[in-house]
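With chain A held as given, fit chain B onto it using these hints.
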Amino acid sequence: MAYARAFRFVTMFLLALWLVPAGAAGPKPADQVFRLSVTLGEDEELDLNWAIDPGYYLYREKITASLAGKPLKLTTERGDVKDDPNFGPTEVYHHEASAYIEAVPAKGRLLVTFQGCGENTICYPPVTKAIDLETLAVSDATGKVERAGDSPGAVEASSSIGTAAPAAGGDASGLDSSYVYTLLTFLGFGLLLAFTPCTFPMLPILSGMLTRSAGRLSPARGFVLSASYVLAMAGAYGVLGIFAAWFGGNLQASLQTPLAVTLMSAMFVVLALSMFGFYELQLPQSLNARLLPDSGRSGSIAGAALLGFASALVVGPCVTPPLAAALVYIAQTGNTLRGSSALFALGLGMGLPLLLLGTFGATMLPKSGPWLIRVKQVSGVVLIGVAIWMMSRILALPLIASSWGLFAAGTGAWLAMIAFKRSKPVWHLRQLPIAAASCGFVIYGLLLAGGALGGWYEPLQPLAWAAIVPPPGTWHEGEDGFQIVTNEADLDAAIAAGRAEGRRTLVDFSASWCTECRLMERTVLADENVRLRLDSMQLIRADVTRNDAQSRSIMQRFAVVGPPTLIFLNREGKEVEDARTVGTTAVDDFLARIAAAERG
Amino acid sequence: MSDSLSRNTFLRLAGGAAMLLLTKTFARSAENEVTSEMILADPETPIGGNPNGDLTIVDFFDYNCPFCKKSAVHLERLVKTDGKIKLIYRDWPILTETSIVGAQLALAARYQGKYLDVHHALMGIPGYGISREQMIDAVRKSNIDLPRLDADLQGNADAIRGLIKRNLTIAEAIGLQGTPGFLVGPYKVNEALTYEGFQHVVADARTRQRK
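Residue numbers (our numbering), protein chains in the order written: chain A, 1 to 600; chain B, 1001 to 1211.
This is chain A alone, in the form it adopts within the complex (with noise of 0.2 Å):
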């Protein structure tokens, strides 16, 4: 019974969270709501299709198309039949709506009119588009005109330097209005972040919950087991999701924070620790008496259920400039419902190796043992290296080189570690590569640290060549050369002052806790190249720190969703739209770019 009540509640709750951004924003207009495209059929007739919102519908009858005043012969399908108490059954479309017309010449002006309500909500006056029959395209018949494919909440992709996987980067573009395809290329995302260094670290924590229950684990009870682990890891995300769509674009900002960075780094220290044995990260006594009261069992699903669900919290942000850009994404088009089942599909690829594993690995893996215990010191060593490559997002240069010195000094005595253990000083072949690499390692890390003390980098260039610290060019300091500006009222005399002069402009929309914008201000705006090429700008840094109403009025300005991004104007005054960049990007596609502000 309680049980029940507590359902509800939950179930109340959830769909509340779901209502709040749709109903803070008004009501949708007729035209996001139902979304005209016109094809060319085989037999040269002109088909009409609709999309249309869950929850609306449109009339049939009221479907209609004329050309240069003159109606024309519009076939539709059958629809669902609704009782009009007046008609009697009337017929409607939901979800889309199609019809044909045959016989259209090559050129005009075709009129479409039609007309729908949203269920006990609202009713639209009649909707009239035009479509030009030359080309396609669909517009309002007052002529503002819309492209096929126009998405409100499509985010610009941005290809991401020192992110190990750069294809996930490039999917966010790929992210259109149909939901089933929304969600695929969510779980292929999802997929592609499984074989991150950052996912690698779930490896070892499943492994050990499953071979705790040792003896008894089947392939069935591992699948269990590891699909509750997946199911509660991928809901994790979910409610990440709805957060997201609620929150809107300050999520990104608040994930971005050099506080924020800094947690997360520090949860990741504490993770690898624990693999290192210094101590074991356990449930307290309490739930784990409670979750499992089998005393003999030592995996349970609850248990399983809720290792899953914190390791989504803690590896979660590790993949963060992925993920905020998916954040970003579902922020804008402020959808919650698509939002969480997206990220929700996101977490289900990531775990479907793991799946995999808990499954088939089940029956292969041998009982907790020395195996177990070097795969979680590696992943110890691998979490180490992952913290500090998120706050070399925000670290100084020295500090960076000299924790990547440490680090790779700290691996080599390891190795060695490993390799002497035995208190015999005798030597075997086989000991040779690990005694070479442990070397190897303590040289690499002496040189790291010491250069850092000295104010030499070079030895960071085999990190930088594997684009985990930023490149060589901005090993310096370099002078900036930034006017910054923070409200609307600068703004306009910087940009005024660049005109006057005849100047090209470039505004760099930047905070102080926008860690992507620290990268790109350090490597991209800072190589020598590129600031050649800015010489002859105007250059301009708005500063949306704060985030308060002056801040979003010179985002507004320039429909900006958030920092970094960088827009160019030409010498009128007017954004050269092809150069706008949106988040990180690498210094080639930066110049080119450049290139583009100077033609337009």
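Keep in mind that the hints were calculated from the coordinates and are not lab data. Computed from a prediction, not measured in an experiment: that's the story for all the values here. Cβ atoms here follow ideal geometry from the backbone N, Cα and C, with glycine treated the same way. Hints are supplied without guarantee of correctness; some may be wrong.
Quick list of the computed label-pair ranges, beta carbon to beta carbon [claimed, not checked]: (1) B:D1137 to A:H95: 31 to 39 Å; (2) B:I1136 to A:R552: 52 to 60 Å; (3) B:L1040 to A:S37: 50 to 58 Å; (4) B:N1143 to A:P71: 36 to 44 Å; (5) B:K1080 to A:G573: 55 to 63 Å; (6) B:N1050 to A:P71: 46 to 54 Å; (7) B:D1042 to A:G502: 47 to 55 Å; (8) A:E96 to B:L1040: 40 to 48 Å; (9) B:G1162 to A:H95: 36 to 44 Å; (10) B:L1040 to A:H95: 34 to 42 Å; (11) B:N1052 to A:S553: 40 to 48 Å.
What follows is chain B alone, placed relative to chain A:
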């Protein structure tokens, strides 16, 4: 158990949804020449409820809008129960041609003091595709002087047309997407509400006004 669950849930959801759908309205007077005086103090709009009420509701509706008719029942009941709401009727014929016919009939009846009779008669025809004949038939059945109605229709055609045009302009200026639309005090609600929904909006509007 499941029946009561669904009814309670529905009511709570409806009330919740109504609350969540409040948007503050700013009549952009400078740009659209629409002022709040125009909206609230137009001498030719029909008034219902309590003309000296402390809260004003402006109702934008169409005689071919099925959801307007459903929510009108709830709105009228609330206005009657509450007793302190001033209700301004703004005929907003946007859905189809016969909508304009209905609006003209109702507004013409105002000249003989019978607007509400015709209004309720027309709103009483359920559904959406009302024909001109059905509307006239409904008007005939209400307690009205038909020859006088005809005369008023012809004689005041300009004034009626002017008012309808004003209603269209105002609705567009405040950004209504479709029917029904309500201005409850400072709040704009652009969808059909249940009785509880209206209650919540009215309560919120009054709280807002007290501040």
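(message) Output the indices of the hints that this structure fails to meet, ascending.
(response) 3
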